[in-house]
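Participant: For reference, the chains in residue letters:
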Amino acid sequence: MGSVAGTTSLNSILECVEHADTLTDLQQAIERLRDHFGVDHIVYHWVSADGEQYGCGTYSIEWVSRYLEKTYLRVDPVVLGCYQRFHPVDWKRLDWSSKPARDFLEDAIAHGVGNQGFSVPIRGPNGQYALFSLSHSSDDATWDEFTSTHHRDLILVAHAFNRKALELEPGRAQEVAQALSPREVDAMTLLALGYSRAQVASSLSISEHTLRVYIESARHKLGALNTVHAVARALSRGFIVI
Amino acid sequence: MIRYIYGNELQNWPTLARGMFRDRATQFHDRLGWDVHVDEAGEERDEYDAMNPLYVIWEDADGRHGGSMRFLPTTGRTMVNDHFLFLTDGVRIESPLIWECTRFCLAPRPEPRTAAALMLAGGDIMTGFGVKHFVGVFDGLMQRVYRRIGSSPDVLGETGTGRARLCVGLWEYSVEARGRLSEGSGIPEHQSRDWFEQAFGHPAKRDVSHAA
Chain A
1 MGSVAGTTSL
11 NSILECVEHA
21 DTLTDLQQAI
31 ERLRDHFGVD
41 HIVYHWVSAD
51 GEQYGCGTYS
61 IEWVSRYLEK
71 TYLRVDPVVL
81 GCYQRFHPVD
91 WKRLDWSSKP
101 ARDFLEDAIA
111 HGVGNQGFSV
121 PIRGPNGQYA
131 LFSLSHSSDD
141 ATWDEFTSTH
151 HRDLILVAHA
161 FNRKALELEP
171 GRAQEVAQAL
181 SPREVDAMTL
191 LALGYSRAQV
201 ASSLSISEHT
211 LRVYIESARH
221 KLGALNTVHA
231 VARALSRGFI
241 VI
Chain B
243 MIRYIYGNEL
253 QNWPTLARGM
263 FRDRATQFHD
273 RLGWDVHVDE
283 AGEERDEYDA
293 MNPLYVIWED
303 ADGRHGGSMR
313 FLPTTGRTMV
323 NDHFLFLTDG
333 VRIESPLIWE
343 CTRFCLAPRP
353 EPRTAAALML
363 AGGDIMTGFG
373 VKHFVGVFDG
383 LMQRVYRRIG
393 SSPDVLGETG
403 TGRARLCVGL
413 WEYSVEARGR
423 LSEGSGIPEH
433 QSRDWFEQAF
443 GHPAKRDVSH
453 AA
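Protein sequence lines correspond, in order, to chains A and B.
Numbered per the numbering used here, the first sequence spans residues 1 to 242.
Numbered per the numbering used here, the second sequence spans residues 243 to 454.
Read the hints as simulated data drawn from the structure, not as lab findings.
Don't take every hint at face value.
[Unchecked claim] Heads up, incomplete: computed chain A residues facing chain B, CB under 8 Å, no partners named:
#1 Phe-86
#2 Pro-88
#3 Arg-93
#4 Gly-124
#5 Thr-142
#6 His-159
#7 Glu-216
#8 Lys-221
Glycine included, C-beta positions come from ideal geometry on N, C-alpha and C.
Next up, chain A with everything else stripped away, as it sits in the complex (with noise of 0.2 Å):
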């Protein structure tokens, strides 16, 4: 696995997954992130309830067409394993005994997705429902090291394309931008003009506990891998003014 660079690297991805208006943008920003992460593949995979799928990824085309051909839908851990779940899983903890999955991974290996993997299921409005997987090859202690460094980020980044997915599905209902709340705006007003935490806590008459939600709250609305990208964001998009 390749060194990861820092988050500003990471931060930079997610403002290409923000400001995507296709599904070509969305693929190009996934490329990118694989090699950020330096790993060998990444795929958003987002199948609907009347069974459509739809997403961007770094499999082959071959592996693409093969998956679908002997609907491997059907008999993929993976995606049985995290179908109407909402935690993340390391591909080693899904159940691989059965003979077609065993034929499955093999087949799957062969056609270079990795040995390991890690995957997101998302919980999305309206039973929306999606995955956004990483697989790779390597030894196990090599994947865990990885996954466990990395794991908070990996939650984050499949929010934000699930977010996106969300925004270009064709035919989807108009939905309200999301807006953060007055004690949300307070909060990162007085983040941005540099207050401490403690400070803003004691301004607010909350807690720290509850400011930390507050700004965790505000952080996924707007997208933002952390605190100081989140204040960014909100002074870049005029939802705060100091």
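Once you've looked at the hints, dock chain B against the given chain A.
Facilitator: Using the frame of chain A, we list chain B on its own:
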């Protein structure tokens, strides 16, 4: 022991499931007098049970429900965002790193360690799944239990009085609280961790790299 069971797997655990929904009826309907729906079988369920939540259940030595709690991701619909925004300063608490914990319930005569065992399991969820915070909706009696076992949430707001008192609170991971819970329940932390690993798969037993 602790069981981690998604809603769509409850059918495989009929005794635990029935016990949980009945004990919820006893706690929330009979004891607290909340306006909750209890069906003909005496089981309490709400709309969030239909969203395939993750239940964390203490199974006692007889295989019965001793206590439980219910988790949902805050990126989907949650009780706190649907009904209790007035207790969170109007902030919709929403992030893949925050899960909602509701319907914390104890059987009528639980083993004393049940509540602490459940909260220990909460810590395993946080470390195992990268969750930073839980936001919970709980009753006033439960608040006392949390205090007693040394895992008090930060209460954001509360409404109602007496039996009808209802609170919204926050938890985050704390090594100290974990030590207190482990000591209080007599459950070693590694035991709690083992139950978690057992539920979500032992990597050692399913080594993908050698399967092919």
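Participant: With reference to the structure, classify each hint as holding or not holding.
Facilitator: Hint-by-hint comparison with the structure:
1. The beta carbon of A:Phe-86 is positioned within 8 Å of a beta carbon in chain B (closest approach about 4 Å), and the interface hint is therefore held.
2. With 8 Å as the threshold, the beta carbon of A:Pro-88 comes within range of chain B, its nearest partner Cβ sitting at about 6 Å, so the hint holds.
3. For A:Arg-93, the interface hint holds, the least distance from its beta-carbon to any beta-carbon of chain B being 3 Å, beneath 8 Å.
4. The restraint placing A:Gly-124 at the interface with chain B holds, with a minimum CB-CB distance near 7 Å, inside the 8 Å limit.
5. Interface hint status for A:Thr-142: violated, as the beta-carbon distance to the closest one in chain B is roughly 11 Å, over 8 Å.
6. The criterion of a C-beta within 8 Å of any C-beta in chain B is met by A:His-159, whose closest approach is roughly 5 Å, and the hint holds.
7. At about 5 Å, the closest approach between the beta carbon of A:Glu-216 and any beta carbon in chain B falls short of 8 Å, and the interface hint on this residue holds.
8. Checking A:Lys-221 against chain B by beta carbon gives a least distance of about 7 Å; that is within 8 Å, so the hint holds.
Hint compliance for this structure: hint 5 alone is broken.
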